[in-house]
Amino acid sequence: MTKLQILIDGNPIEIDSRDMQSVKEVEPGVYSVLLEGRSFEVRAITAADGLRVETGSRRFAVEVRDPRDSSRLAKTALGSGRKSISAPMPGKVVRLLVREGDSVDSGQGLVVVEAMKMQNEMKAPRAGRVAEVLVRDGDTVAAGDTLVVLE
Amino acid sequence: MFRKVLIANRGEIAVRIVRALREMNIGSVAVFSDADRAALHVRLADEAEHIGPAPSSESYLRIDRILEAAKKHDADAIHPGYGFLSENAEFAAACEASGIVFIGPTPEAIRRLGSKTAARTLAKEASVPTVPGSEQPATQLEEVRRVARELVYPVLLKASAGGGGKGMRRVDQESELEAAIREASSEAERSFRNGEVYIEKLIDKPRHIEIQIAGDQYGNLVHLGERECSLQRRHQKISEECPSPLITSNPEMRTAMGEAALRVARAVGYSSLGTVEFLADIQGDFYFLEVNTRLQVEHPVTELVTGYDLVRLQLEIAAGEKLPFQQQDVHWRGSAIECRICAEDTENNFFPSPGRIVQLREPSGPGVRLDSGVYQGWTVPLEYDPLLAKLVVWHEDRDAAIGRMLRALDEYSITGLENNVAFFREIIDDPIFRKGWLQTGFVADFFARRKPKSPPPQELELAAALVAAAHSRNGKRETRNGKLEASRWLTDGRTSLLR
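Protein chains in written order, with the numbering used here: chain W, 2 to 152; chain X, 4 to 502.
Check the hints yourself; a few may be wrong.
[Said to hold, decoys possible] Think about it this way: if two alpha-carbon atoms lie no more than 27 Å apart in a straight line, the pair counts; the simulated DSS-like pairs of lysine-lysine are:
(1) X:K169 to W:K118
(2) W:K124 to X:K169
(3) X:K169 to W:K93
(4) X:K456 to X:K438
Hints are computed from structural coordinates only; laboratory data are not their basis.
Just so you know, these numbers come straight off a predicted model, no measurement behind them.
Pulled out of the complex, with its shape left as it was, chain X reads as follows (with noise of 0.2 Å):
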């Protein structure tokens, strides 16, 4: 096993990282740009390494700069975490390169899965259904046209080496296509320094079902089962579960599903934690979407409803362990829900809202796990992804999750930036989603039927005027213009004059 690894992330995956390492006894070393200097992983970590100014691409992108890093705090092996460089092929073989063990897949395996369109091409060969498009990147807009047209409208462009909604663009009418083959590749080389894009149907109002692999250097392989993910918002997951709704009433997808992702990941020998997604429809036929060659922002629901700790089971994979357990061996109970708890205003387009933490206080108590990256005090950087932290909740069936996820939300509170917290507790308690009728679309049908707010209840008003009450008596007093005047002192001292 490793002595010491050094994480090339931020947030609470990097937290989350250093707590598997301190549970096997071995180091962690944490990197940080200059906007992390206090984040919680920077004062987790046994050690930590300043790499560079607040733009990720100065910092958290750079190659160079970690592998220093590396070698200077004597590590010797690099987690990647999610985003960033984990699905950087030309980073994992640096790694090598420099004798330090990548925590992930070969950079053979991160090549061939990492281009959008080789990935269909190599799950169609392993006869893994795939959504009907065209694997070439869309550059002739002539050509992009004629498959459009055939593919008949809606549909959809994709960045080939993108993830998370980045670099994806929904066209209705051909009149749309070429600004939005345009906008897409260049958030798609923003955010991915490739500006490759192609072109898919759109399927309307799919389920979003991906399945969790893990797989040895020996060639043992093994899935974990589905995690339902549908619950998006600007095409990023915000909340998943396990097992999902639809395989619950379907039994027999989870190994078909399995089975195909399986087969995706012989192709080409895979090693390490991946992930699988694919789209469902409302008939329960699956389409092979595209290969996550990382650990996944959600593994927490598969961990809570399998027993196993993935990262361990990372980190012993990446030590050239083998699988300490057999596909028959693994076994799914009870009902795990995440939801992502993120810096953004709800009722304003999901804007992202970075500031300072004034008051935080978190959920626990019975099956409760709480993946947070942040505390009470810390400025949240604008640089970086939103997600504060994953609220997960495991009960015995989904409808006591449900009940579990609501009390943690109930007791959850952050204040001093726009969060999601609020609207989690709508969208949990919401009637269709307890139904778990769940698809893409759902957070955008749910702005639409939502109802407005009763009035609230008489004592609840009341109790906020004694709050108000007894918070501007306390010297935060409203002045004439407007301003607020927050010094405690200062009222004090004017109080004490006037005796």
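If we strip away everything but chain W, and leave its shape as in the complex, we get (with noise of 0.2 Å):
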């Protein structure tokens, strides 16, 4: 018998192949599950930073770990220097407030990116340097590019 480990925000869940009869596949990504009497709705998601899982209001980080499969790597850290300061969302980048080689304090302003009528300030989340920066004005950005490189 099969048995798959699910961390559920980190929350170890360990399921077997017979539990999934109580799981149906209503429409693409959707499921329907019945435990016990009591209905589920819970949707799936494949985001960019890995499965997401949600039901109702709740939303979970989701993965799913073959007990075969023991090579993972672990997630290391990006190197402490160096931060890269992304666009969280699609949009124009309409201004640059800072250039390479300038000093920067923790909280000020970097680019502004405008999306949906809307301009965004993306700010320095620590002190340093600018050691690159990515973008040009009037650029269009897609979630997770790098706008800025801090050092």
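Fit the two chains together into the complex; they arrive one by one in their own frames, and the hints show the way.
Next up, the structure:
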């Protein structure tokens, strides 16, 4: 019997394949689950940062582990010295507030990105020096694109 | 009545107008930018015309292209919706000059009420109370400093041509004044092509209550009661209701505010639909704020409580018909609440979140109205407002309406982009919201007192785990480097090779 280890918001839950009978995919990505007579509707979304599962107003970060696969690489933190500031959503760069080499304070504005009629200033999460500016005025950026690198 | 009407707008309001036109057997013409070729309003209208690239300054704000489209499609009237050109007197005049009816008030009325400072003067003359402040544009810094000191900080800077919080800044002390004027003015310039701002005393934690008015071209004017619009984020309304809980406990306020609104409207000989906005403080005093010379986003709550179809009424008035009812015929029944469903991240300062709607389940059932401008599979463009749909419910009283709204929100699911459905479930269920103790700082206060979520029930976690397993078994496996493979064909192929 196959057992699967699942992390729900970091909380380990082991399930076996028999349990799967209570799950029915009713629409693509939408599942109906009946547990001891109780009905749940759960949605699974493949997002940029991994699998996400939503039910009602709850949203869970999910990791599915296959116990036979033990070679999983530990997630290592990126170099502690450099910090990338990336666009949280698609938009257009309307103003650059810093140049490469500038020193910035924590909370100082770096780039102004506009989306949906709203301008949003990307701020420095900590003090440092601007190592790289990867965008120009008027550039269209996608969610996750790196805008500025601090060091 | 008109034969064919062009809708100079997009999104849910364009859909709302197409629906009214179809119900009245009038042809509809949609206009669209490059980003909106596949938009719902284009799909639903009888005819459609491309008017330019995605930025609204090159499409939905182009008077010349919209008039060209109206002539090409032989429309005899234009409905401007809200936003875009709806409060642009030049546009209204250009329609008239082309022999096309502008569905709204006269260019003259728009001009006189469109400048907030001129409107304030007008309200004062009509003996309607206004918030203390200066009608003068804040151009001379020294003069503004003097006025601000007189008013006593905090003060508020507002765009003369504005609305929706654009070009608005709270200023708590003099050292912030100069930068605030610059920011407010540049935002006003970008949003309204008019950088003029003025200064007002800030009324702390007021309620925002507005009065719906309707007038025909023969001088008949009525008010249709109030809407409570105190729930705001970033100075923009997110939820509205009728009646206002304040007015439920002070019923004489509806008459007082209604009459004040009508005095302002009479002063300019107002025709068409309009909204007179007020601030109300904790003592129940109210102050004139501004007039919106157009159909309002939140008009459905008034429709549900009064029973009138406001868009239909607006079309009839524009076509020269008389108001079909008088003030004494207007009655208010039950309670209606609206939630503006937006593509935004409520946990990240309401950051807009455009993108593709992967999954959509819309609420329905008794007393539920959904004015939506989107559909499953549609990519919400980043160029426009994040409003996706308006969820509106009606019930016999406010408590029942709250129960119905929570039920409808439970049925509502949008995945693929961040949205505020789950946030509304918390807000509408909030004990202070249930009490009706609303004010414009409600959302900020809510965040301050919000409790962390309790851990999920075990069976919910189990359900989530089962679905995660089922979903990954369906072919959406996570690979070692964290990237995702989404092809079921691929995994199916591999499985069959292993057999």
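Quick rundown of the hints versus the structure:
{"no.": "1", "hint": "X:K169 to W:K118", "verdict": "holds (10 Å)"}
{"no.": "2", "hint": "W:K124 to X:K169", "verdict": "holds (21 Å)"}
{"no.": "3", "hint": "X:K169 to W:K93", "verdict": "holds (19 Å)"}
{"no.": "4", "hint": "X:K456 to X:K438", "verdict": "holds (22 Å)"}
Hint compliance for this structure: every hint is met.
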